[in-house]
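Engineer: Next come the chains, spelled out residue by residue.
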Amino acid sequence: NAGVTQTPKFRILKIGQSMTLQCTQDMNHNYMYWYRQDPGMGLKLIYYSVGAGITDKGEVPNGYNVSRSTTEDFPLRLELAAPSQTSVYFCASRMTGGNQPQHFGDGTRLSIL
Amino acid sequence: DAKTTQPNSMESNEEEPVHLPCNHSTISGTDYIHWYRQLPSQGPEYVIHGLTSNVNNRMASLAIAEDRKSSTLILHRATLRDAAVYYCILITQGGSEKLVFGKGTKLTVNP
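Quick mapping for you: the protein sequence lines, in order, are chains A and B.
All residue numbers for the first sequence refer to the numbering used here, where the first residue is 122 and numbers rise by one.
All residue numbers for the second sequence refer to the numbering used here, where the first residue is 23 and numbers rise by one.
Here chain B stands alone, though its shape is the one from the complex (with noise of 0.2 Å):
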């Protein structure tokens, strides 16, 4: 299974914007990044994915670095509902299906 490391925790302020990093230096081709977040008490929740280039929705950006070896989930404006353990995994086309999670970064929001 390909492997990533995040940081255990991060801290941000309200409305300022949050860069979490992901690390998959043996990410394959065939890999996708994806993104999920879990609010306290909750299952986890999709966020985000990509394959290569750079990806935007309503709930973040995914910037994915030219080499594919490392990846950065971007909070445009962090509020305190964003405040949860957000986890980077690689999910492979065609490959194993066996998805292991990390044990993620934890966010924390200041007011």
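For reference, chain A alone in the conformation it holds in the complex (with noise of 0.2 Å):
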């Protein structure tokens, strides 16, 4: 079973560039998020959505965008990158309901130089 799979792994950009930090879950989940990991520091939510057509901020939203045209697929867009948003990012879904796991990717390491 593939899970939340993100692609690329790693990444490296010049300040002003732009890209899309790809996440596609093959488990038909309904909620589907995405996180930064700063070095040393926690999980901060940047953006989720509960359904295809739904998004809404988390914690962190400022720089990105997103969108969800279907269930699989929640992209992250990065439009002007600045050197702050050097971190590692997560995607991750879930089902609906209280005792539904969250299930992570494998992280898309992003470094703006």
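No lab work stands behind these hints, which were simulated from the structure alone.
Check the hints yourself; a few may be wrong.
Lysine-lysine pairs mimicking BS3-like chemistry, simulated, CA-CA at most 27 Å apart [to be verified]:
1) B/Lys25 with B/Lys125
2) B/Lys125 with A/Lys165
3) B/Lys128 with A/Lys130
4) B/Lys25 with A/Lys178
5) A/Lys135 with A/Lys178
6) A/Lys165 with B/Lys120
7) B/Lys25 with A/Lys165
8) B/Lys128 with B/Lys91
9) A/Lys178 with A/Lys130
Small disclaimer: the values here were computed from a predicted structure and weren't measured.
Combine the two chains into a complex, taking the hints into account.
Structural biologist: This is the structure:
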């Protein structure tokens, strides 16, 4: 089972460039999430989605955009990359219900120079 | 969002039991208690969850206080591979799905 798949695994960007981090899940989960994790720190929620066509801001949404056109895909867009966005990005998904665990991808390590 | 409080770090010796505490004094009746762990350079992974009763699985045990305001993740025999950051979060049945993680507890296991 593939689970939650993130691409790319690594990327280096120049300041001001844009890119899209891809996230796909094959478990038919309603909810999907994007987190960032700075070195030595915990997870910070960027955006989340409760279903196709519905997205909402998390704790640190500035500088990012998301879309959810299908149940499977939840891409994260960086429009004007800044050094402060250097981080590891994790995508996650889960089914509806308090007893449903969250499944995480392996992460995308992004450096902005 | 319901909040949890965990110690920043804990230390254990290999093959000894480890008890990782989590306080959630504002927990509501429909909040499930979830535990996740993050091994170095990996994404978080699910460990265990519970609502009211204690729970066991192949990875760990979860002990929930009678008033549900605290819980303890128990690793019965710590191994070096258990060294990780452990997160305790609350997920509400039918509530907001905005899942926010705290800083977790960094567990060090000494050989």
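Engineer: Checking one constraint from the list: CA of B/Lys128 to CA of B/Lys91, max 27 Å. Satisfied?
Structural biologist: 22 Å, holds
Engineer: Within 27 Å, alpha carbon to alpha carbon, are A/Lys178 and A/Lys130?
Structural biologist: It holds: about 24 Å lies between the C-alpha atoms, which stays within 27 Å.
Engineer: Run the distance test for B/Lys25 versus A/Lys165: straight-line Cα separation, threshold 27 Å.
Structural biologist: Given pair B/Lys25, A/Lys165 holds - Cα atoms ~14 Å apart, limit 27 Å.
Engineer: Do the alpha carbons of B/Lys128 and A/Lys130 lie within 27 Å of each other, as the hint requires?
Structural biologist: 25 Å, holds
Engineer: Does A/Lys178 lie within 27 Å of A/Lys135 when you go C-alpha to C-alpha?
Structural biologist: 26 Å, holds
Engineer: Please work out if B/Lys25 and A/Lys178 have their alpha carbons no farther apart than 27 Å.
Structural biologist: 18 Å, holds
Engineer: Does the structure keep B/Lys125 and A/Lys165 at a Cα separation of 27 Å or less?
Structural biologist: 9 Å, holds
Engineer: Do the alpha carbons of A/Lys165 and B/Lys120 lie within 27 Å of each other, as the hint requires?
Structural biologist: Distance ~11 Å between A/Lys165 and B/Lys120 Cα, so the pair holds.
Engineer: Is the Cα-Cα distance between B/Lys25 and B/Lys125 27 Å or less?
Structural biologist: 12 Å, holds
Violation of the numbered hints given earlier is absent; every hint is satisfied by the structure.
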